[in-house]
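With the sequences and hints as input, model every part of the structure.
For the protein sequence lines, the chains are A and B, in the order given. Letter 77 of the first sequence, counting from 1, is numbered 77 in the numbering used here, and no numbers are missing. Letter 32 of the second sequence, counting from 1, is numbered 146 in the numbering used here, and no numbers are missing.
Be a bit skeptical, because a hint or two may be false.
Only some residues are given here: those of chain B computed to face chain A with a beta carbon under 8 Å [unchecked claim]: (1) Tyr162; (2) Phe219; (3) Gly220; (4) Pro221; (5) Gly222.
Bear in mind the hints are in silico, worked out from the structure with no lab data behind them. For every residue, glycine included, the Cβ atom is placed at its ideal position computed from N, Cα and C.
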Amino acid sequence: GENVEQHPSTLSVQEGDSAVIKCTYSDSASNYFPWYKQELGKRPQLIIDIRSNVGEKKDQRIAVTLNKTAKHFSLHITETQPEDSAVYFCAASLSYNQGGKLIFGQGTELSVKP
Amino acid sequence: GAGVSQSPSNKVTEKGKDVELRCDPISGHTALYWYRQRLGQGLEFLIYFQGNSAPDKSGLPSDRFSAERTGESVSTLTIQRTQQEDSAVYLCASSKRLADYEQYFGPGTRLTVT
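Listed below in C-alpha cells is the structure:
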C-alpha cells in the first residue's frame, strides 16, 4: 500500500524567512496530494492541494511542487508569519481507485519566531 | 453552511467498555471517512463510506472496531472492549463525492481509555 514520508519533523524559522517541507510517496499511481495545517487542538484545514497532472501550484504565499518521476512533493511558504506556526501534514491519495482515502505523513511542526 | 460535526468532543472510558463515536457530515456529501490521530502523530485511515456502503475497511485496527452509516447521513464508529492503546483523537471527514478529492474534517472526538 501507499506510504508517505515527511521531513523535517520540526522546523524553526525567523519571521519573514521561507519554510520548505518535503514528502515522498511510494505508490506511483497516487494522483492527489493535499497539504493540511493543524493548529493545536483544532481540526486539520486544507491549505493547498495538487493533482498529478500539474507540476506546481501557488496560492499567495504558499506553493506546492510535485515531481512524479522522483515521487516527491514539497510545500513552500514564503514571508512566514507567526500565525503560520502549526503542524503541517502532507498526504497522498489514489482518489477514485481507492475511494479517496488519504495516507498522511507524520507531520512537521513549524515554529515561526517573531 | 454547517461543517462536519462530531460528538462527543471528549470521552473518557474504562478499559473494557464499549464506546460509540458519532459523525454528522456536511449535508449532501456522499463520501465519509474516519481517521485516527494518536498524540503527536499523523492521521491513520480507518474506513470510508460511499453512501451507506463501506468498500474499504482495511484500516480498522482489529475486529473490536466497526462502523456504520445511515444513508448519506450520520455515521457511528463503535469500539468494543476498549483498550488503552485505543486512546487517540478520532476524526471524521466528508467529501462531496469520491472523485471530488477535498475532504473537510470535523473537530474530532478525543477518546481516553483509563
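These are the hints, each one checked on the structure:
1. About 5 Å separates the beta-carbon of B/Tyr162 from the nearest beta-carbon of chain A, less than 8 Å, and the hint is met.
2. Interface hint at B/Phe219: satisfied, since its Cβ lies 4 Å from the closest Cβ of chain A, which is below the 8 Å cut-off.
3. Hint status for B/Gly220 relative to chain A: holds, with the closest Cβ pair at about 6 Å, below 8 Å.
4. Taking 8 Å as the C-beta cut-off, the interface hint given for B/Pro221 holds, the closest approach to chain A being about 5 Å.
5. Look at B/Gly222: its Cβ gets to within about 6 Å of chain A, closer than 8 Å, so that hint holds up.
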